[in-house]
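Q: Residue numbers (numbering that gives the first Met the number 0), protein chains in the order written: chain A, 0 to 548; chain B, 0 to 232.
What the hints contain is simulated information worked out from the structure, not anything from laboratory work.
Values in this document were obtained by computation on a predicted structure and should not be read as measured data.
Every residue gets a Cβ at the ideal spot worked out from N, C-alpha and C, and that includes glycine.
Any given hint could be a false lead.
[Claimed, not checked] Partial list, computed: chain A residues near chain B (C-beta under 7 angstroms):
hint	residue
1	H276
2	S416
3	L434
4	L436
5	V516
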Amino acid sequence: MLALSGVSVKSLHRHLLNFQPNQIMASHDYDDARGGGYDDPRQQQQSQDQLGYDPNYVPDSVKSFVVHLYRHIREKNVYEIHQMYETSFHTLSDRLFKDTPWPSVDAVAHYVDNDHVFCLLYKEMWFRHLYARLTPSLRQRIDSWDNYCSLFQVVLHGVVNMQLPNQWLWDMVDEFVYQFQSFCQYRAKMKNKTEQEIALLRQFDQAWSVYGVLNFLQALVEKSNIIQILENEKVGLEQFTSTDGYDYNGGSNVLKVLGYFGMVGLLRVHCLLGDYHTGLKCLQPIDISQQGVYTIVIGSHITTIYHYGFANLMLRRYVEAIREFNKILLYIYKTKQYHQKSPQYEQILKKNEQMYALLAICLSLCPQSRLVDETVNTQLREKYGEKMIRMQRYDDEAFAIYDELFSYACPKFITPSAPSFEEPLVNYNQDAYRLQLKLFLYEAKQQQLLSGVRTFLKVYSTISLAKLASYMEVDEPTLRTILITYKHKTHAVDSDGKVISNADVDFYIDDDMVHVVESKPAKRYGDYFLRQVVKLEGVINELDAIKLD
Amino acid sequence: MGRERESPTTTQQGYSVEQLVALNRYNPDILPDLENYVNDQVSLQTYSLESNLCLLRLYQFEPEKMSSQIVARILVKALMAMPAPDFSLCLFLIPERVQMEEQFKTLIVLSHYLETGRFRQFWDEASKNRHIVEAVPGFEQAIQGYAIHVLSLTYQKVPRTVLAEAINIEGVSLDKFLDHQVAKSGWALEKGSQGKGQLIVLPRNEFNDPILKKNTADSVPLDHITRIFPILS
Chain A
0 MLALSGVSVK SLHRHLLNFQ PNQIMASHDY DDARGGGYDD PRQQQQSQDQ
50 LGYDPNYVPD SVKSFVVHLY RHIREKNVYE IHQMYETSFH TLSDRLFKDT
100 PWPSVDAVAH YVDNDHVFCL LYKEMWFRHL YARLTPSLRQ RIDSWDNYCS
150 LFQVVLHGVV NMQLPNQWLW DMVDEFVYQF QSFCQYRAKM KNKTEQEIAL
200 LRQFDQAWSV YGVLNFLQAL VEKSNIIQIL ENEKVGLEQF TSTDGYDYNG
250 GSNVLKVLGY FGMVGLLRVH CLLGDYHTGL KCLQPIDISQ QGVYTIVIGS
300 HITTIYHYGF ANLMLRRYVE AIREFNKILL YIYKTKQYHQ KSPQYEQILK
350 KNEQMYALLA ICLSLCPQSR LVDETVNTQL REKYGEKMIR MQRYDDEAFA
400 IYDELFSYAC PKFITPSAPS FEEPLVNYNQ DAYRLQLKLF LYEAKQQQLL
450 SGVRTFLKVY STISLAKLAS YMEVDEPTLR TILITYKHKT HAVDSDGKVI
500 SNADVDFYID DDMVHVVESK PAKRYGDYFL RQVVKLEGVI NELDAIKLD
Chain B
0 MGRERESPTT TQQGYSVEQL VALNRYNPDI LPDLENYVND QVSLQTYSLE
50 SNLCLLRLYQ FEPEKMSSQI VARILVKALM AMPAPDFSLC LFLIPERVQM
100 EEQFKTLIVL SHYLETGRFR QFWDEASKNR HIVEAVPGFE QAIQGYAIHV
150 LSLTYQKVPR TVLAEAINIE GVSLDKFLDH QVAKSGWALE KGSQGKGQLI
200 VLPRNEFNDP ILKKNTADSV PLDHITRIFP ILS
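Same shape as in the complex, but just chain A (with noise of 0.2 angstroms):
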């Protein structure tokens, strides 16, 4: 038994319990049966991919998989839980279920004595699956949503005494705010919702509800202890990092290690909502300056420095977030090849491309290019080097160009609130996403004349007001005011209320004239003797290795 026995498991939501894998056939022919008006081509494809499927069918490769994982699972073989769950489960679903679904649970249940726990757990790679390859439906996404309650339900109860492999638990909670951000665009698709849909959504209102979703992320971080265990690990009380999270003692790893990732949750859901101060904070206990056990994961070390890179964009921190492209950016570029047989290998590519658009964002508002590593740099010229030159430039063709990258980049934005179920149904799916768009290109306005003044700062070591004024093709009162707006701009406030100067150029005005304070670039001295020293021991090491005859 994968859960402790005698502990009973409460469900917050009673129809979960009903839950019946006939029922996804059900929801199917529910489906299939609507009446004429609305076409959905989507579902049609849908049910025509499905044609055949027998939810009852287990093939015996899925048996055998079923067996075994169970087996390793009881017996906390994280190695071949791994092996499993990366490699058995995608191959399976190549071979197999490439356009259908998984077999039902319930047909696949006896093999593994009924087991409540891993029952859910195979429900949750199940609908994980069907996200992935097929289009859920609505009957679906509220079973899926059902499933996620009762598995964490389980693991809050702190019955499971299972030990699963970090990937596997960074996927629930990455899954699970997906399937949230996913629910959010599709119910606010309202226009083409038949009377059945609406009847459904209407019923299971709680269904992938903000509070739920909010406060099951944070009651894993609150009852894992985790804030506490990272402190304590800290004055070596306690050990979590080391031991990449794992428990060695026998106790299970499984609360701990969803707490943990569960913080990188919150980051991204407040980050979908517009929220990147509070994101921010739920991330704090993590320190990314170091590695971790965020980092163990590829997708939940991307994850987290994506977001925390955004958050810190819109908060126009842009030195902190060039910083953290940069890494991430130079770490992606390093390690990719090792990552091409991992499932996950399409979505790093996709971030790694989203970075590099935000990055060429931060740079045109904030050009500091000396904290960007040189191969990170040749790869951002190469895809942006042009667009980047015409974002300078501050006309309407640069602000299309920050829309396009913006858009391009930007997290999927959500409306957490529930539709109006009025006529008329409207859709504002694309409503959160323009609020943040337009807020975003608010301030690249506002910095308009930045660049500017930038470039005739660079030319001068002083310069009068009144001769900069007459450059800039502008009266005096208004060059002070852009000089202002300037220093405003580039002098950030960080989370302790501190200043922080983000400016490459800098300058003081006395009386009217304006003396210009360049930070030198000398910075990287040290760090490259540094590497040329180690480079050097190298290549002698080498050459002692060389025996000649």
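Based on these hints, arrange chain B on the given structure of chain A.
A: Here is chain B on its own, set in the frame of chain A:
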């Protein structure tokens, strides 16, 4: 997953609103407490970005509960927190159709003037909208504080007229203000040369004086050096 509800601002359990926000931030039941707390912040001249963001978030989850008046107060308070980016942080959470309301449009314009250093336009616009900004005590002083902050980042010596425009104080009042700053904040006054007006010498800081800038650029952290210890030995 509703949690136990805590009672309002002065709770029997002795929870402050900040604690409520920390412990219970995804609970719709704390909404009235947070609204009261906004009013407290206005009357007591205190400020809590965390609890205001929390309230805006709850409004975002249940738009039908939104109170325009409370949102307006939050936004004025956020303006007063400049140079921190609080005003944008709030706008990110307020639906666009709400931002179309007249009073919010005004506040957005005011924020725009402050963000782009156009103090004269700011004070003009503010004076036309006294009903919005004067509802919040301490507004003027807070904006003056922001103006002085950016002037101090920018100038070593600032002409009297430029300062006057930025903080919207003139004549005798300005003299009084300057006397106070000279006594309390280390400002100094200088006569302008050749028929030019008075100059105000602002205290030096690392942003208006390169000499005070800490030069950490060329140092190498110890843990980097330790990496090559094996080689050096």
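Q: Take the hints in turn and mark each one as holding or not.
A: Structure-based check of all given hints:
1. At about 5 angstroms, the closest approach between the beta carbon of H276(A) and any beta carbon in chain B falls short of 7 angstroms, and the interface hint on this residue holds.
2. The closest approach between the C-beta of S416(A) and any C-beta of chain B is roughly 5 angstroms, which is under the 7 angstroms cut-off, so the hint is satisfied.
3. Taking 7 angstroms as the C-beta cut-off, the interface hint given for L434(A) holds, the closest approach to chain B being about 5 angstroms.
4. Taken as an interface hint, L436(A) does not check out: its beta carbon lies about 11 angstroms from the nearest beta carbon of chain B, beyond 7 angstroms.
5. Residue-level restraint check for V516(A) holds (minimum Cβ-Cβ distance to chain B is 4 angstroms; threshold 7 angstroms).
Consistency note: the structure conflicts with earlier hint 4 alone.
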